[in-house]
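Trainee: Sequence:
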Amino acid sequence: MTSENDAERQAAVHALESSFSELLTTFRRYIAEAAERVSPGMLPATFKTLSVVSRFGPITLSTLAERLATDKGFLSRAISDLEGAGLVTRTLDPNDRRSRLIAVTPLGQERLDDARAPHESRLYEALTDWSVDDIAHLSTMLHALAVGGVPVAGERSPRGADATR
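In our numbering, the protein residues as written are 180 to 344.
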């Protein structure tokens with residue numbers, strides 16, 4: 180690779196980092212707003228915990244900690260807060276009586292759905308003028324970046340993103 184190509188690549192990577200920074204800032208704001216709608220004063224991390232429990236629950240604290248890549252101490256406090264608000268329950272795990280399964284309550288699901296509603300259509304609306312091919316290509320590229328792979332044009336993974344190698 181020539182130094183000219185290297186400089187172009189470095190500039191492109193810096194531009195990508197800047198774009199991700201903007202995207203993450205917007206996403207953090209959405210999460211904070213949604214957390215506040217679920218329960219005034221709720222921390223964004225607690226909202227993310229509730230979201231993951233909703234998506235993957237019933238779930239053990241250990242599995243939840245792995246999914247969120249966070250510490251069990253924080254999660255234990257967050258789950259206690261969510262349980263106190265009636266948003267999740269903890270029950271004995273029938274497969275391991277030393278563990279408890281965490282699940283979202285109907286109230287928790289209702290609050291989560293209501294909190295997400297204002298943002299649900301934003302991505303769809305933001306992509307209204309994009310071609311389906313461009314959306315699929317972006318999905319492919321993001322998936323490849325997320326898993327550390329190289330996109331393989333024209334191949335689809337089971338998740339809908341193009342395959343990576």
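Hints are computed from structural coordinates only; laboratory data are not their basis. Just so you know, these numbers come straight off a predicted model, no measurement behind them. Just to be clear, a hint being listed does not mean it is correct.
Stated by the list, open to error - Derived DEER-like restraints, expressed as beta-carbon distance ranges:
no., residue 1, residue 2, range
1, 246, 205, 39 to 49 Å
2, 245, 284, 16 to 26 Å
3, 197, 259, 20 to 30 Å
4, 206, 251, 40 to 50 Å
5, 324, 256, 31 to 41 Å
6, 286, 206, 19 to 29 Å
7, 182, 219, 24 to 34 Å
Quick reminder that beta carbons are idealized off the backbone N, C-alpha and C, glycines included.
Trainee: For which of the previously enumerated hints does the structure constitute a violation, in increasing order of number?
Mentor: 1, 3, 4, 7
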